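> Taken in order, these protein sequences are the chains called A and B. Following this note's numbering, the numbering of the first sequence begins with 6 at its first residue and continues without gaps. Following this note's numbering, the numbering of the second sequence begins with 3 at its first residue and continues without gaps.
These aren't lab readings, by the way, just hints derived from the structure by calculation. Everything numeric in this text was worked out from a predicted model, so none of it was measured. It is possible that some hints are incorrect.
Only pairs whose alpha carbons sit at most 20 Å apart, straight line, appear in this in silico SDA-like list of lysine to any residue [said to hold, decoys possible]:
id, chain 1, residue 1, chain 2, residue 2
1, B, Lys198, A, Glu112
2, B, Lys116, A, Leu322
3, A, Lys109, B, Gly56
4, B, Lys198, A, Ser136
5, A, Lys303, A, Gly240
6, A, Lys182, A, Leu125
7, B, Lys198, A, Ile115
8, A, Lys345, A, Leu322
9, B, Lys252, B, Gly56
Chain A side only, calculated, beta carbon under 7 Å to chain B, not exhaustive [what the hints assert, rightly or not]:
id, residue
10, Leu57
11, Asn88
12, Ala90
13, Phe92
14, His94
15, Phe98
16, Phe103
17, Met107
18, Leu110
19, Pro111
Idealized CB from N, CA, C, for every residue including glycine.
These are the residues of each chain, in order.
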Amino acid sequence: MAEIDIRNVVKRFGSYTALERVDLDVADREFLVLLGASGCGKTTLLRLIAGLDTPSEGEIKIGGKRVNELPPRARGIAMVFQNYAVFPHLTVFENIAFGLRMKKLPEAEIDEKVKRSASLMHIEQLLSRYSGQLSGGQRQRVAVARALAMEPGVLLMDEPLSNLDALLRLEMRAELKGVLQESRTTTIYVTHDQVEAMSLGDRIAVMHEGRIVQAATPMDVYRDPATNFVGGFIGSPPMNFLPAARHNGGWQVAGVDLAGPASDNAEIQFGIRPEDLMPTESGLSGTVRVVEPLGAHKLVTMTVADTLFRAVLDSDLPVRPGETLTLAPRPERIRWFDPKSGAAIN
Amino acid sequence: MSVAAATPAASAARPVSAGRWMTIAIVVVLCVWVLLPIYLIAVNALSAPAEVTGWPKRFYPSFDFGSIEFFIQFRGVARALMNSVIVAVLTMTLAIGLGAPAGYALARFRFRGKESFRLLVLMTRAFPLPLLALPLAVLFIRTGLDDSRIGLALVHTTLALPFAILITFSLFLSIPYELEEAAFTLGCTRLQAFRKVVLPLALPGIAASGVFAFVTSWNEVFAAAVLTIQNKTLTAFLLQSLDYSPLPLKFAGGAVLVIPALVFLFAVRKYLFSLWGIANR
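Pulled out of the complex, with its shape left as it was, chain B reads as follows (with noise of 0.2 Å):
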């Protein structure tokens, strides 16, 4: 009995075993993909400047600060890194600021043309900034709006918008609008009900929303090159600088670059699965 049960499940097992060494396979190939470049900039952003132009190459970091120290150093780069703080901050708050109302209104009110203004969000994704940088560029500066934090940050908050107001709406979506209502049985106001009752829950999902367009900024390196020449953010110092400046300089700049903007995403991973329909982890 035991012997004719096990033989058909050991042979349906050998078609399941071969599907998991594919998947397996993929996920390595995938994960390399992605993290091997990371590595590659991580250990030498770490190592010592003759370490890097040296050979032969390291594959493990010594810890010298050497690199980072000369990055910091550098002539420019402590202004573009303060830019790019100030311009991604202001996109932030610009991007929630806006975008967040729009969630919520997205989340608790019918209203005509609430399905086209969801779709037309999406849309203004679809244009390629390239194609809009040079009537911009003249409209900026026609406006006086050219080489200013504030203007870039005006950029970047049209390219982080459309995704704060959806994360915001499925975020406030997911807060069920009875416990609202119970707030103004309660004795609340729209506005009390909002601040009492809507906003400690949605917080770490504003935050999350937030953290992605504080990096959307951080990461954006066309309109930041296009747009500035006094004011340049990080990625647009380090694109300019790319034909004469040494290789630490790169490798510390890159590593300045990704670490924050991983580290963010990270942490925030799980408001982004949702956004796109995927289960928590």
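Isolated chain A (complex conformation) (with noise of 0.2 Å):
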């Protein structure tokens, strides 16, 4: 049993506060991601609860237990690093048998571990070699195996796939995710990049500027982002935002009446998905900039009351820059926000 649970927490670098207040529970066995452009904290965080940084405030429980004042050794966790970490002076059996050594295991048995995650990872062949004759992806396979070896009860993985180019990345992340849901070990994993994020969480939390602003499932953070950050951080293009202002009891956007939230605000954010708009006769209408042929759609960038705006439609639907498009909201995906907090409005 490794479920987590952080209270309080609170990490300062001198005067720089790079997390501020930090609540965050991960129940046992989940697949956790911890998303957020860089700078976010999401690292920090990552760090604290390895034990590589100690918590300026707060308490930080890996199985129910205080885990603040161990050291990494002592916390059941083991961690794969950005660039790998994969010690160059050994081979990669003795690099997969590292930690299983320290625990001072039978050869026998840690003969049978390291093959055993060696073949989860398919670098059997690869055994006897030294880093300095691995590719990048190969060192991202022992870095994962070392980890799975030591049967952890905390799996945390900093940016793992990041180092890698495109084509290996999509490759990896499948298989990481097929090797990682066989293992069913608590897990958190860092990253930038939102596809992953939604491929790979059970739950995603998204930081920003050293908070946890959303942490929900990927479905839900994608249709009912907590803020309009979020809303504008993941998908594909981002969130349509648009300012709204008071109008007959509902809300006027870009000259449109629309049913809205109650507020107390003269002023509030309307905020739509690109997918979520359909060309019609009267609506949000605005002078097309560029057409983008994806294939299946076309990505449609114009301008709407001035704003740049994104939509994603049918790639039979003539248009050609210059002209004018009408575009209607499906009612039930509109999202409304607070513009001064951001928080949205239900």
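Join the two chains, each given in its own frame, into one complex according to the hints.
Shown next as structure tokens:
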């Protein structure tokens, strides 16, 4: 049992605050993705859980036990590093066996465990090589195999795929998902790649400026972003935003009257995803700037009320730059935000 | 088309080749400057004493070991040679024992005054040894360290230590901290991570900085001549006997001093280059 319980954690580096009051629960055997832009504090949080840094305030529990004062080796964790951290002076076999030897397991057991996790990552034929003789993708496999061989309570991964080229990343992503589902280990996975986050996580925790702004299932994060930052960060292309002014008991967006939530604000923010727009006779109209055919769809970039606005439309729709296009948002997919705090209004 | 293309290329090639000749000439001059004295020492050390003192001079060795034999049997040489080795080994041990931890701390930890410390380490080399020699000699006599191998080794350590610190600093810096962190997560304490991961990777470089400390002590003559009487090192012994020792002895002694230093420095040149920020080879 290795659930993780993070309470009120603050991390300061001198006068700079990297994490401000982070609360997070990770269930046993859950796959949680920490998603955020670089500098948002996601790696800092992971290093606090690993014990490579200590929190300035707050408490971290792993499996119900406070670990704040414990060194990494006593926390029952294993970690995969961004630059793999494969020991260059040891063979692949000795790399994978490193942690098992530290546990002083009998030789036969070490041999068996190394071979098992090597075969999981398909690197059995590389066991006698050194890391200098491996490609980036193979080193990545060694790093994962080394972590899995420890049979940790918690597996921590820090942007493990970010140094691989695009094709290899896609392949490794699918393979990692398979292997990690099999191992059923509590996993925290740090990435800045939203596609990786969506495809891998049971749950995504979106971080922004040292805080967790939303922690929910990938579809919830996508459909119901807790703040306009999350809406703009997740999804490619991102959510469109337009200002909405109080009008006739409803809200007026770019000259169109829409039913919306009750709010004390005179102005709120309207949000819609590019794929939730349909061409129509009367609705949000704007001038088409760029049309990019994507095969199944067409990505249309236009300006609505002087704001950049994107729509993903059927590729058969005849539309050219310079034309005026009118689009209707699907009412059930419209989201509203407080423009000051950025929080969603329901 | 090809003619038109060839003409500007040919005229452009001329200043380039002039520059190349210049470079080659400078390289040749520098090589002769450095290598000729070493060659002459080697030739004379490997010739019979009669040939060394005789005329005309030879420009190739006769591979007669008479001079070397004479040198080794000369009274006091064996003892001075042994002193040199002992002092150099002591210096090497002290410089690495003190320098490597300092280099590790500089490479791995952030602490107040780190940059000033690095500068200070270099500044110690700005102090001319002759300036310190007299107070040092007085201090050594008072503490009873004068004319002892360990006393001389301490002085040589202060000369070698800045380089030992800076070489090991750049060495530890080149080993990613991530490797140590990986070892922590795999069950190591800081000491175990150092022993199992950092040390094997750093060992060649540490050996190189040890060799450099050895050579520093081996070549040092001023402190050795001032601070020792009975326990003279080879450099001090040769300097002292310069006036009355015969020519073959000087050449053989010179060769014995120069050759080990040359061989050692050549072996560790990669690390010395990296210390000064010059790329390998």
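> Of all the hints numbered above, which does this structure not satisfy? Sort the numbers upward.
Numbers 2, 3, 8, 15, 18 and 19 - these are the hints that the structure violates, sorted from lowest upward.
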